[in-house]
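What follows is the residue order along each chain.
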Amino acid sequence: MDRRSFLRVLGLSYLFHRWLLRDLAAAGMPVLAVAEGTDYGQITRRAINALGGMGRFVKPGQTVVVKPNMGWDRNAEQGANTHPLVVKAVVEACLNAGAKKVKVFDRSCNDERRCYVNSGIEPVLRGMKGVEVKYIADERFRKVPIAKGMTLKEWELYDEALNADVFINVPVAKHHGLTRLTLALKNVMGVMGGNRGSIHKKIDGALADINSVLKSHLVVIDATRILTAHGPQGGDLRDVKVLNKVIAGTDIVAADAYATTLFGLKPADIAVTVAAYKRGLGEMDLKKIRIIKA
Amino acid sequence: MKKFTSARISQLLFLAIFLVLFLMTEYRGSDRIGVAVNAFFRADALTAVSTLLAARGWVPFLLPGVVVLILSALLGRFFCGWLCPLGTILDLVTGRIRKTAPLQWLKGSVKYWLLLPLLVASLFNLNLAGLLDPIAILVRVLTFFAHPLVGETARSGWVGLYRIIGERRDVLDPGYHLLKDYLLPFRDTLYPLAFLSALIFLLIIFLERFETRNWCRNLCPLGALLGLVARLSPFRRVPAKICADCQSCRDLCPTSFDRELLQKEECILCMECQLHCPNQRVRFRLAGFHPADGGVVMERRVLLGGLVGGFFLAKLFRFRDPQAQARLLRPPGVRSEGEFLEKCVRCGECMKVCLRSALYPALSQGGIEGLYTPVLIPRLGYCEYNCTLCGQVCPTGAIPDLPPERKKREVIGKAVFDKNHCIPFALRKECIVCEEHCPIPQKAIRSEEVTERDFNGRPVTVKKPYVVDELCNGCGICENVCPLEGKAGIEVFAVKDRTPLREGETGGGEMIDDPYS
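Protein sequence lines, in the order shown, are assigned to chains P and L.
Under my numbering, the residues of the first sequence are numbered 1 to 294, in order.
Under my numbering, the residues of the second sequence are numbered 1 to 517, in order.
None of these hints come from the bench; they were simulated from the model.
Watch out, some of these pointers could steer you wrong.
[As the list claims (entries may be wrong)] Subject to a maximum C-alpha distance of 27 angstroms in a straight line, what follows is the list of computed DSS-like cross-link-like pairs (lysine-lysine):
hint, chain 1, residue 1, chain 2, residue 2
1, L, K429, P, K153
2, L, K419, P, K201
3, L, K463, P, K202
4, L, K429, P, K266
5, P, K202, L, K487
6, P, K288, P, K148
7, L, K429, P, K278
8, P, K266, P, K201
9, L, K463, P, K153
10, P, K201, L, K487
11, P, K201, L, K463
12, P, K201, L, K429
13, L, K464, P, K202
14, P, K241, L, K463
15, L, K429, P, K143
16, P, K278, L, K419
17, L, K414, P, K201
18, P, K266, L, K464
These figures come from a predicted structure and were not determined experimentally.
Only chain L is shown next, with the shape it has when bound in the complex (with noise of 0.2 angstroms):
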C-alpha cells in the first residue's frame, strides 16, 4: 500500500463517507433521511448526464454531478483518483494482486464502445446508465449481496446462541443491538440478481490481475465520460512524455504511463509521479488551453457504431411478456412506466432504504430493458402507508420525493380477489385479515355479511370481503397478510391509470361514500 499522500487520504475518507451513508439508508425512527448514499449519485456525472438526455430537460438536484463534470474538464480526472469508492478500493486491493500482462483486447476503444451506448440509449428513453456504473455496482453489491450476508450470518449466530443458552442470551443484548443498530441491515432481506451483482463486482477485481486500475482505464462509463472531457483540461503534467533517462513514472503511475506519452483522459490526478520523481521534475501545473492534444479520441466508426448501437439497444430490447407485465408494481408515484425507465438508474438504494423489504431487483418482469428496476412484490412485503423513503433516497427522482399526505393517494395498482382461493368465498368460513391491514381510513376493502349453508348444510353468517377500487392505492398489505400460504387470495395488480386518489379518501377532507352502498 501505498503511503498517506493527500489523494489516499481523500480516497479513504469518501470511501468512508460512503460506506456510512450506505449504513445510514435505513430508517432511524425519523420520517425523513437527512443524508444517505444518494449524495454520491447526485455527484456522479454519468447518471447525470444519462437522466438529462433521457429526460432532455433540466433536472435541478442532479446539480453536483454536472458540476463534477465540468470541474472534471478543468482538472482532470480527479473525481477517479480522489472520489472513487470504487477506485479506492481497487487501489486498496491491487497490491495484494500479482499481475501478468495487459489484456490488448481491452485498450483502446472497448470503453467508449460502452459510453457511447448507453448515453444514446438514454436519448432514446432508455437509461441504462446505472447498469455499469461504478457506484451503482457497488451499492448493488453491498445491498444485495454483502449486507444481506453479513446480516444473516450475524443474525443466525445470534438465533443459534438463543438455541444453546435461552434467555439468558439477553445478557449480551445491548452489544447485539449496537450491531444491529449501526451495521446490520434491520430484516434479512435475501435479493434476486445478488449472484449477478456479486459476479460483476468480483469480475473487476480479477481483472485487476492485467494490470492495475483496469476497470477505470478501459470499461468504465463514468471514466470514460470523464476522461473525454479531462482532454480538455488546461491543467497538466510537464513533461507530458515520459524522460529517457528515468522512466520511473511506468511504475509509478496506475493509469497511463504504459505508453510514452501521458494519456491524459487517463490520468487521475493522483500526484504520485510528482511526489516520488527522483528528479523533481514533474510538476502539475495550468498550461493554457490544447484541446488537440493526445491524438485522435476514438476511431469514426466506433463512434457510429457507438450511435447505432445505442439506437438498438434502445429499440430492441423492448420485448415484454404481458402476463409479467400484470404484477410489474412500481414504487410508489412512479406514474407512467416509460418516464419511469428514463429517469431510473437503477442503482438499488429505493431497495436498500424499503422498510418492509417490499422492492426486489427485477430479473425479467420488466423485460432486458428492465434489468435491476424496482418491482414491488406483495407477498414479500408490502408499501408502508406512512413512509416516503423510496422518493427521499432516489438519485434521479425516478420516485418522485412527495409528502406523505400525497404519497398516500398514489396508486401502486389495484387489488383484486381471487374467489376460488379467498377463505369466506372458497371455505365458507371467517377470515377479512386484509380489511383488517388496509390502511385506508375509509377501508377500501370492505365486506358484506352473508348468510348461506356451509359444506355441511348449516346455516353460516360469513363476512365477505370486496375491493372499493376507488379508494384502494394498491399498497399490497392485503396480499401480504392473506394468511393462505403461496397465492394468496387477494392480489393487486398493475394499472395503466395511475391517477392519484381523490383528496380526503386518505383521512382528513370530507369523507366519500361507499360508492357501492
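Just chain P, same shape as in the assembly (with noise of 0.2 angstroms):
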C-alpha cells in the first residue's frame, strides 16, 4: 500500500467510523442499551457491547472504579443491593479491555463486613486477579469545592473515586421511602464522606451538585430484580419483583429516567432526577432517548 492510498483509507475509516458513532448516537440522541433475559452476566455483556463494548470506555492500562449498591446486610435475591453477577461481569469486561485495576467498594449502611459478603459481591470476585474488593478508610475522603454547586458548596468525595481514569456506576433498581427511588444519581452517595445524612434536607439538588463533579462514564442499572417497597433496604421477597432486566448508558439522567418507568412511574415524578436534568448533566425526556434492545 503505497503511502497515498493508506491515507485514504485512513481518512474514510475515520469518516466511517465518525459516520457509525454518529449513526449509533442518533445525530446527538443519549442511547440506552436495554437487554433482558435470565442469564445476567450476559445480558449485562449483551447491553455494555450494545453501547460500544467496554473497550470505548476503558483503555488498556488504566484504573477503574465499579461502584454497586452494596449498602445493605441483605442477599441477591432481596433486591437491596447490585446483582452479584452483573457487577462480575462489568468487573470482567473491564479486565478484557485491558484495565489495570478494578476497585469495587462502597460506603455501606450497615456493617461493611456483612454487607460485602451477604451481597455476594465480594464472594463472587474473590480471588480475580486486578481486582480489588476493599472497605472504605475514613482517611481517604478528600474535601472537593463544588464549583457550580447550587446545594452544597464543597464535600467530602472518596479518592479512588476520584483518581479513578473511569468511574463506572452499578447501582441496583429500587424504591427508596424519601425519593421514591434510588437510581444512578443517588448510587454515588456511596463515595460521599461525612454527615452524608444530612443531605437529606435537600437531596434532590444536593445529588445533582455531586454528580457535577463525579461524572459516571458508564452507567449500568441492575433491573434483574427490583424492590418496589420498604426500600432501600427492603427485606420482604413480596416486595421484590423479577424483570431481569439491565440498562446500560453513558446519559445518566436518561438511564435514570428509563428505569423510573419500570416501577410504572414517569421520569419527572422523581425530583432527583429532574433536579438533575435541570442543571444539564442528562436527558429525561424519553422522546428524546433512543433505546435499543440488546
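Using the hints, put the two chains back together into the complex; each one sits in its own frame.
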C-alpha cells in the first residue's frame, strides 16, 4: 500500500467510523441499551456491547472504579444491593478491555463486612486478578469544591473514585422512602464522606451537585429484580419483582429516567432526576432518548 | 525463666490458645463463630459455680467448669499451674521483678473474704464472680485496653502514612491488611472503664513485687475455690513437709513452701520440686483420702463474715438511678434484668465481638451491681439486624444464642421521636434517614406526608416520621444514623415488657398491616 492509498483508507475509515458512531448516537440523542434475559452476566455483557463495548470506555492500563450498591446486609435475592453477577460481568469486561486495576467498593450503611459478604459481591469477585474489593478508609475522603454547586459548595468524596480513570456506576433499581426511587444519581452517595444523611434536607439539589463533580462514564442499572416497596433495604421478598433487565448508557439522567418507567412512574415524578436534568447533567425526556434492545 | 518443663509447655500452649481465641472472637465473614474465647470461661469453675448458684438449676454448657472442679478435687490446683493464662503471664514476668518481703496482711483469709461474698451474692441473684475472675480480668484488660491501644496506634500510623505519601501507600496494603485481618480490632473503639481494667491487671502484676504468684495464692477467688476442693485430692506430694537437711523447695516452689508443711490448697502442681529435688526424694502419688490434712480452712468468723458480706453485697448495691434506667439497653435476647444479673459474669466478650461496637461496659447505668455489664449505646453503635454474635460468645447464656430469625424479633427497647429535635418537625425540612435505615422489612418507622407552611410562610410538603411500636425491636440504628449532631431526634428507651415481635413482622409469613393506617 502506498502512502496515498494508506491516507485515503485512514481518512475514509475515520469518517466512516464517525458516521457509525453518530448513527449509533442518532444525531446526539443519548443512547440506552436494554437487555433482557435470565443469564444476568450475559445480559450485562450484551447491554455494554450494544453501546460499543467496554473498549469504548476503558483503555488498556487504566484504573477503573466500579461502584455497585452494596450498602445493606441483604442477600442478592432481596434486591437491596446490585446483583453480584451483574457486577462481575462489568468487572470482567473492564479487565478484558485491558484495565490495570478494577476497584469495587461502597460506603455501606450496615456493617461493611456483612454487606460485602451477604450481598454476594465480594465472594463472586474473590480471587480475580487485578480486582480490589476493599472497605472504605475514612482518611481517604477529600474535600472537593463544587464550583457550580447550588445546594452544596463542597463535600468530602472518596479519593479512589476521584482518581480513577473511569468511574462506572452500577446501581440496583429500587424504591426509596424519601426520593421514591434510588438509581444511578443517588448511587454516588456511596462515595460521599462526612455526615451524608444531612443532605436529605435537600437531596435532589445535593445529588445534582455531587454528580456534577463526579461524572459517571458508564452507567449500568441492575433491574434484574427491583424492590418496589420498603426500600432502600427491603427484606421482604413480596416487595421484590423480577424483571430480568439490565440498562446501560452513558447519560446518567437518561438511564435513571428510563429505569423509572419500570416502576410504573414517570421521570418527572422523581425530584432527583428532574434536578439533575435542570442542571444539564443529561436528558430525561424519554422521547429524546434512543433505546436499543440488546 | 524456667526450663521447658511439661507444665511450662502446657502453660504456653494454653496462653497461645487463649490469645488466638481472643483474636478469633470477631466476625470473620461467617454468621457463626466456631470457637471463641468463651471456651476458657466454660472451663472456669468460679463462673460456673456462681452461675449455677444464681440460676439455681443446671446450665448444660457450664459442664466443663464443673468437670474442672471435680478434676481439681482429684488432682489439685492443676488449672492454676498448667492452664490459667493469667498465671502463665505472672510466671513469665515474675523473674524480672525484684522481690521484697511478702505482705503479711494478705496471708490467711483474704481470699475467702473475696470468694465467699461473691458466691453468696450469687445465691441472692447477683453474679459478681466475673469482677475478680482471673480469666475475666484478662479478657477485659485485652478487650478494653490493650487491643484498642494496639489498634489505635497501628491505625494512626497507617493514616499518618497516607497523609505523607497519599495513594502510594497502596503498595503496602497487603501487609497492613494481613495485620488488620488477624491482629488488630476491626473498629477503633474506645471503652469506658479501660483505665480501671488496666489498673486491676497492673495491680496484679505489681503484687509480684512481694512474692511470686501473690495474686494466685492470696487473692484469686477462682484459685481459692479450686484450693478448697484441692484439699480433698488423694493425689499428694511426699514428703509433705519440707526436709530439714535440704530446704531447696523453699526456692523452687512458686506458691506454698514458705511454711513447713506443703499447703495443699496453694500447690499448683508445677512439679518443680520433683524435677529439681537434689536428693530425688520428692514424688507426687496417690495416697488415699485424708481430707483432714492441712489444718482448718478458715476461721468461723471468716465463714460467717463472708456469708453476711455476700448478703449485704447482693442487697445493698441495688440502688439505681431511674434516669439512667430509661436508657439501660441490654443486648438482644435479654428479656429480664433480674435474670441477666444472675447469669452475666461481666467477661466483656459480647463487647469484644459486637459487630458495630454497640456494647459498652456499664459504669453507673446499672448501679454498682451492674458494673461492667454490657449496655447498648445506640449513638455509638447499633445492633446489626442479622447478627447473632453476642449470644454465640456469651459463656453463661446471659445473652441467649438465638437463630437469626428469632433474634430479629427480640426487643431491646422502643424508639421514640423527640419532635423538638427531629428535623422534619423542628425545621420542617425533609430527612427520614431513620426510616431508610430501619431494618424491619415492613418498617417500624414510617412517614406521613404533611403539607404545611415553612417559617417563611411558603407551603412545603414534608415527610414526617412516626414509629410503629408493634414492629420496633429497638435495634437503635435510627438513633445511630440520625444526622443531627449530639442528641438524636429519635432515641431508643428501655422497656420492661420485652415480648418478642410477632412472627411475620420481620419478613416472611403474613404481612402485618400498619396499625395506624
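*Taking 27 angstroms as the top limit, are the C-alpha atoms of K429 of chain L and K266 of chain P close enough?*
Given that 27 angstroms is the threshold and the Cα spacing comes to 25 angstroms, the pair holds.
_Run the distance test for K278 of chain P versus K419 of chain L: straight-line Cα separation, threshold 27 angstroms._
Given pair K278 of chain P, K419 of chain L is violated - Cα atoms ~34 angstroms apart, limit 27 angstroms.
*With a cut-off of 27 angstroms on the C-alpha distance, tell me whether K266 of chain P and K201 of chain P pass.*
Given pair K266 of chain P, K201 of chain P holds - Cα atoms ~23 angstroms apart, limit 27 angstroms.
*Regarding the pair K241 of chain P and K463 of chain L, is the alpha-carbon distance no greater than 27 angstroms?*
Holds. K241 of chain P to K463 of chain L sits at ~26 angstroms (cutoff 27 angstroms).
*Given the proposed pairing of K201 of chain P with K429 of chain L, does the C-alpha separation stay at or below 27 angstroms?*
holds, 6 angstroms
*If you draw a straight line from the CA of K201 of chain P to the CA of K487 of chain L, is it 27 angstroms or shorter?*
holds, 18 angstroms
*asked:* Check the hint pairing K463 of chain L with K202 of chain P against an upper bound of 27 angstroms on the C-alpha distance.
replied: Roughly 12 angstroms separates the two Cα atoms, so the pair holds.
_Holds or violated: K429 of chain L and K153 of chain P, Cα atoms, limit 27 angstroms._
Given that 27 angstroms is the threshold and the Cα spacing comes to 19 angstroms, the pair holds.
*Agreement of K288 of chain P and K148 of chain P with the hint, judged by alpha carbon distance not exceeding 27 angstroms*: holds, 26 angstroms
_Against the 27 angstroms threshold, does the CA-CA distance of K464 of chain L and K202 of chain P hold or violate the hint?_
Holds, at about 15 angstroms.
*asked:* Holds or violated: K414 of chain L and K201 of chain P, Cα atoms, limit 27 angstroms.
replied: holds, 25 angstroms
*Has the given pair, K202 of chain P with K487 of chain L, been kept, meaning a C-alpha gap of at most 27 angstroms?*
holds, 21 angstroms
This entry does not satisfy hint 16, going by the numbered hints stated previously; all others are met.
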